[in-house]
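Sequence lines, in order, name chains A and H. In case it helps, this note's numbering puts the first sequence at residues 1 to 425. In case it helps, this note's numbering puts the second sequence at residues 1 to 220.
Since the hints were made in silico from the structure, they are not lab data. It is possible that part of the hints are untrue.
Said to hold, decoys possible - Below, in silico cross-link-like pairs of lysine-lysine (DSSO-like), each with a Cα-Cα straight-line distance of 30 angstroms or less:
1. H:K215 / A:K64
2. A:K198 / A:K64
3. A:K64 / H:K152
4. H:K42 / A:K377
5. A:K66 / A:K11
6. H:K152 / A:K98
7. H:K12 / A:K329
8. A:K41 / H:K152
9. H:K5 / A:K198
10. A:K39 / H:K12
11. A:K330 / H:K127
12. A:K213 / H:K152
13. H:K12 / A:K142
14. A:K308 / A:K185
15. H:K180 / A:K319
16. H:K42 / A:K12
17. A:K310 / H:K215
18. A:K244 / A:K342
19. A:K299 / A:K377
20. A:K377 / H:K12
21. A:K310 / A:K294
22. A:K198 / H:K12
23. H:K152 / A:K11
24. H:K42 / A:K27
25. A:K149 / A:K98
26. A:K240 / A:K319
27. A:K66 / A:K149
28. A:K96 / H:K152
29. H:K42 / A:K96
30. H:K215 / A:K98
31. H:K5 / A:K240
32. H:K42 / A:K198
33. H:K5 / A:K39
34. A:K66 / H:K215
35. A:K27 / A:K308
36. H:K12 / A:K353
37. A:K319 / A:K330
38. H:K73 / A:K96
39. H:K215 / A:K12
40. A:K41 / A:K149
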Amino acid sequence: MKSNNHHIVFKKLDTTGIIFPSVSGRKNTNVFRITAVLKEKVTPEHLLKALEKAADQMPSFKVKLKRGLFWYYFETNYHPLFIEEENDFPCRTMNKYKNNHYLFRLNYFGNRVNLEVFHVLCDGNGALEFLKNILYYYFIEKYPQEVTKNDIPPHNFYLSSETDEDGYPLFTSHIQNIKSARDEKAFQFHLIRMPVPKLRIIEGDFSVAEVLKFSRSHQTSLTAFFASVLLLSIYHTQYKYHPKNKPIVISIPVDMRNICQSHTVRNFFIAINVGINFYQKDYTFEEIIEEVTKQLKQKTQKDFLLNKAKSNVNIQQNKFLTFLPLPIKKIGLMIAYKIGEKGFTCTLSNMGKTTTAESFSHFIEGFGVTIGSSKSKSIKCSLCSYNDHLKLSFASTAYDREVEAYFFRFLSSLGISVTITTNEV
Amino acid sequence: MRICKQCGISIKTEGSSCPLCGQDTFMIDATAEQAYPIVSYKIIKDFLNRLFAFLSIAIGGISVFLNFYTSLKAPWSLIVIASLLYSWSLYFYNIKRYKNRGQSLLMQTIGICVMVFIIDFATGVSKWSTTYVLAPVILSSNIMGAILVLTKPYKIYEYMMYEIALIVMGAIPFLLFILKLATVAWIGVSCLIGSALVLLAIFLFSDRDAIQEIKRRLHY
Chain A
1 MKSNNHHIVF KKLDTTGIIF PSVSGRKNTN VFRITAVLKE KVTPEHLLKA LEKAADQMPS
61 FKVKLKRGLF WYYFETNYHP LFIEEENDFP CRTMNKYKNN HYLFRLNYFG NRVNLEVFHV
121 LCDGNGALEF LKNILYYYFI EKYPQEVTKN DIPPHNFYLS SETDEDGYPL FTSHIQNIKS
181 ARDEKAFQFH LIRMPVPKLR IIEGDFSVAE VLKFSRSHQT SLTAFFASVL LLSIYHTQYK
241 YHPKNKPIVI SIPVDMRNIC QSHTVRNFFI AINVGINFYQ KDYTFEEIIE EVTKQLKQKT
301 QKDFLLNKAK SNVNIQQNKF LTFLPLPIKK IGLMIAYKIG EKGFTCTLSN MGKTTTAESF
361 SHFIEGFGVT IGSSKSKSIK CSLCSYNDHL KLSFASTAYD REVEAYFFRF LSSLGISVTI
421 TTNEV
Chain H
1 MRICKQCGIS IKTEGSSCPL CGQDTFMIDA TAEQAYPIVS YKIIKDFLNR LFAFLSIAIG
61 GISVFLNFYT SLKAPWSLIV IASLLYSWSL YFYNIKRYKN RGQSLLMQTI GICVMVFIID
121 FATGVSKWST TYVLAPVILS SNIMGAILVL TKPYKIYEYM MYEIALIVMG AIPFLLFILK
181 LATVAWIGVS CLIGSALVLL AIFLFSDRDA IQEIKRRLHY
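With the hints as extra help, turn the sequences into a complete structure.
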């Protein structure tokens, strides 16, 4: 518990992080989950020790969220860390009283270790870094002879400002202010939602080589390939029955770390929208792939992404907005978030290829990622790969599962072998 | 492991039907993985909330109807509605969602002030609420808040901002006098001086950490 002897470190939220506390709640949790599937059952006592060591290693995760007069902010959290066996629906809202004020929770089930993180703290890649450190300490605890010590970055690395920087203002300071174009309204799902906090997960396992073969034959990337299949699925299961002169738009977060050579473990991504309006024309799958690939290529250019980041930074640094009291700012942020959500139909997040240190990689079967529910976006899709295992996960709050069914059936019809795991909701 | 011939997929999870189409599946080997726990879902029905909401709407609605039906010269139904609103703030901030004594104290003070102001308005605007009630209520809350802050220094971080809000509220009775919404000056001035003294006491008796806490809370 807090005592006066504890040194409190204060930290501002990053440019993307500021929006999440204002717009999150039970129906829109903004919590995502990174799962590590191990080759054997998890031992809780080792996992707790590993968590404590990893949190000491990465102090930017050992924080609580506090409310100031103008902005939310982080403060060092001295409450005890804990783990628990998974016993509830995934990606529930982060209740600070039940969670010792932490903005993440670590649970386990069978051979799975699940790290659930409130997006205010970091993005998927930041959380993945934390989970990898937890796993490193876990295997050091469990198999001290087999795991090579110092196989992760040293403690000082995570104390440096390089890993704790807010990349948005840092890498956009040289960019001239431009007015960003507002996205046109996108087609929205017509689905009946299950009661909160029910969340259905349907996870598909693929062979990376097998899927790559198909994407390469269409001269496209994995992200563009899956985005095209998702567009086709939404078109056949939703759009056809509720046609509107609006495009089906997939929002794809792009990790900015590689583009800007940043090592931050906080939020540093830009969401880009790729979409097709099926109202004007019936597209074949090949045409969809071609269009999505073209749009992705154009929108992942460094200049395009930095311009988009700059417009976010401008909003945060606006002097008038800065001095508005937080309750008023929250109303503005909620409106802006809702307007932004109308600009896309569904999210597809590709965390890319995950790697771990060689000394403990043979204990791990794979990684998975799940994005929590949202009030207006009933279905969210995410994927990541590890060695030859690719996990693609649909998280849905809707009773209907037609989109997911079409998606997996279509991949199966292409000759790709699909293995499904679900939480049976 | 099972397969669904209709969807052309394999299923790792235990069970007999396909998670995509609901059709029966065929077992190909006995291995099965339970990747997620089975969670039983319970709909939480808060009976007390619903009862309180029903009674509030019923009493408030009947009062307004009777007030309109009999005579509008004395808007007594406003007193009923003010009392109901105060009961709700009492219920939510002190009973139902009790979290922080500082927050409860602030919400109680605001609740009482609003309630007496509405009662004053409903009984002919003789300014008794703004002159004789607001100042003592705010000043006593200020003193209670200061006691809370100074007697529980380890919780100073939780109470500090609410106490500061109460101190700022201490200027309201005097401002009301300037705006001619209150009739006696010395009561408002006393509240203002009292609040200033509370602020001084907090600054003198609290440690450097408290000042740092205020700085953090006011960062921009």
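Hints, verified against the model:
1. As the CA atoms of K215 (chain H) and K64 (chain A) are separated by approximately 17 angstroms, the hinted pair is consistent with the 30 angstroms bound.
2. With a C-alpha separation of about 26 angstroms, the suggested pair K198 (chain A) and K64 (chain A) falls inside the 30 angstroms cut-off, and the hint holds.
3. For the hint pairing K64 (chain A) with K152 (chain H), the CA-to-CA distance comes to about 21 angstroms; that is within 30 angstroms, so the pair holds.
4. Under the criterion of a C-alpha separation no larger than 30 angstroms, the hint pairing K42 (chain H) with K377 (chain A) is consistent with the structure, at around 23 angstroms.
5. The straight-line distance between the Cα atoms of K66 (chain A) and K11 (chain A) is roughly 10 angstroms, inside the 30 angstroms bound, and the hint therefore holds.
6. For a cut-off of 30 angstroms, the pair hint linking K152 (chain H) to K98 (chain A) stands: about 23 angstroms separates their Cα positions.
7. This hinted pair does not check out: K12 (chain H) and K329 (chain A) have alpha carbons roughly 47 angstroms apart, beyond 30 angstroms.
8. For the proposed pair K41 (chain A) and K152 (chain H), the alpha carbon gap of about 46 angstroms is over 30 angstroms, so the pair is violated.
9. For the hint pairing K5 (chain H) with K198 (chain A), the CA-to-CA distance comes to about 28 angstroms; that is within 30 angstroms, so the pair holds.
10. Between K39 (chain A) and K12 (chain H), the direct Cα distance comes to roughly 15 angstroms. Compliance with the 30 angstroms bound is thereby established for this hinted pair.
11. Under the criterion of a C-alpha separation no larger than 30 angstroms, the hint pairing K330 (chain A) with K127 (chain H) is inconsistent with the structure, at around 35 angstroms.
12. Proximity of K213 (chain A) to K152 (chain H) is assessed by CA-CA distance (about 66 angstroms); at most 30 angstroms being required, the pair is judged violated.
13. With a C-alpha separation of about 28 angstroms, the suggested pairing of K12 (chain H) with K142 (chain A) holds against the 30 angstroms cut-off.
14. Taking the CA atoms of K308 (chain A) and K185 (chain A), the gap is near 18 angstroms; set against the 30 angstroms cutoff, the hint holds.
15. Restraint check for K180 (chain H) and K319 (chain A): the C-alpha separation of about 35 angstroms exceeds 30 angstroms, so the hint is violated.
16. Between K42 (chain H) and K12 (chain A) the alpha-carbon distance is near 38 angstroms, which puts this suggested pair outside the 30 angstroms criterion.
17. Under the criterion of a C-alpha separation no larger than 30 angstroms, the hint pairing K310 (chain A) with K215 (chain H) is consistent with the structure, at around 28 angstroms.
18. At roughly 14 angstroms between alpha-carbon atoms, K244 (chain A) and K342 (chain A) fall within 30 angstroms of each other, so this suggested pair holds.
19. Taking the CA atoms of K299 (chain A) and K377 (chain A), the gap is near 22 angstroms; set against the 30 angstroms cutoff, the hint holds.
20. A threshold of 30 angstroms between alpha carbons decides the hint, and for K377 (chain A) with K12 (chain H) the separation of about 27 angstroms falls inside it, so the pair holds.
21. Taking the CA atoms of K310 (chain A) and K294 (chain A), the gap is about 23 angstroms. The hint holds against a cut of 30 angstroms.
22. Distance check on the hinted pair: K198 (chain A) and K12 (chain H) sit about 21 angstroms apart at the alpha-carbon level, within 30 angstroms; holds.
23. With a C-alpha separation of about 26 angstroms, the suggested pairing of K152 (chain H) with K11 (chain A) holds against the 30 angstroms cut-off.
24. For the hint pairing K42 (chain H) with K27 (chain A), the CA-to-CA distance comes to about 16 angstroms; that is within 30 angstroms, so the pair holds.
25. A threshold of 30 angstroms between alpha carbons decides the hint, and for K149 (chain A) with K98 (chain A) the separation of about 34 angstroms lies outside it, so the pair is violated.
26. Only pairs whose Cα atoms come within 30 angstroms are accepted, and K240 (chain A) paired with K319 (chain A) is rejected, the gap being roughly 46 angstroms.
27. About 36 angstroms separates the Cα atoms of K66 (chain A) and K149 (chain A), which puts this hinted pair outside 30 angstroms; it is violated.
28. Pair hint K96 (chain A) plus K152 (chain H) holds up; C-alpha atoms about 22 angstroms apart against a cutoff of 30 angstroms.
29. The straight-line distance between the Cα atoms of K42 (chain H) and K96 (chain A) is roughly 22 angstroms, inside the 30 angstroms bound, and the hint therefore holds.
30. For the proposed pair K215 (chain H) and K98 (chain A), the alpha carbon gap of about 28 angstroms is at most 30 angstroms, so the pair holds.
31. With a C-alpha separation of about 26 angstroms, the suggested pair K5 (chain H) and K240 (chain A) falls inside the 30 angstroms cut-off, and the hint holds.
32. For the suggested pair K42 (chain H) and K198 (chain A), the alpha carbons sit about 10 angstroms apart, so the restraint of at most 30 angstroms is met.
33. Between K5 (chain H) and K39 (chain A) the CA atoms are separated by roughly 29 angstroms; this keeps the pair inside 30 angstroms, and the hint holds.
34. Restraint check for K66 (chain A) and K215 (chain H): the C-alpha separation of about 13 angstroms stays at or below 30 angstroms, so the hint holds.
35. With a CA separation close to 27 angstroms, the supplied pair K27 (chain A) and K308 (chain A) stays within the 30 angstroms bound.
36. Between K12 (chain H) and K353 (chain A) the alpha-carbon distance is near 23 angstroms, which keeps this suggested pair within the 30 angstroms criterion.
37. The suggested pairing of K319 (chain A) with K330 (chain A) holds, with an alpha-carbon distance near 16 angstroms, which does not exceed 30 angstroms.
38. For the suggested pair K73 (chain H) and K96 (chain A), the alpha carbons sit about 50 angstroms apart, so the restraint of at most 30 angstroms is broken.
39. A C-alpha spacing of about 13 angstroms is found between K215 (chain H) and K12 (chain A), which places the hinted pair at or below 30 angstroms, so the restraint holds.
40. Between K41 (chain A) and K149 (chain A) the alpha-carbon distance is near 23 angstroms, which keeps this suggested pair within the 30 angstroms criterion.
In summary, the structure is inconsistent with hints 7, 8, 11, 12, 15, 16, 25, 26, 27, 38 from the numbered list given earlier, while agreeing with the others.
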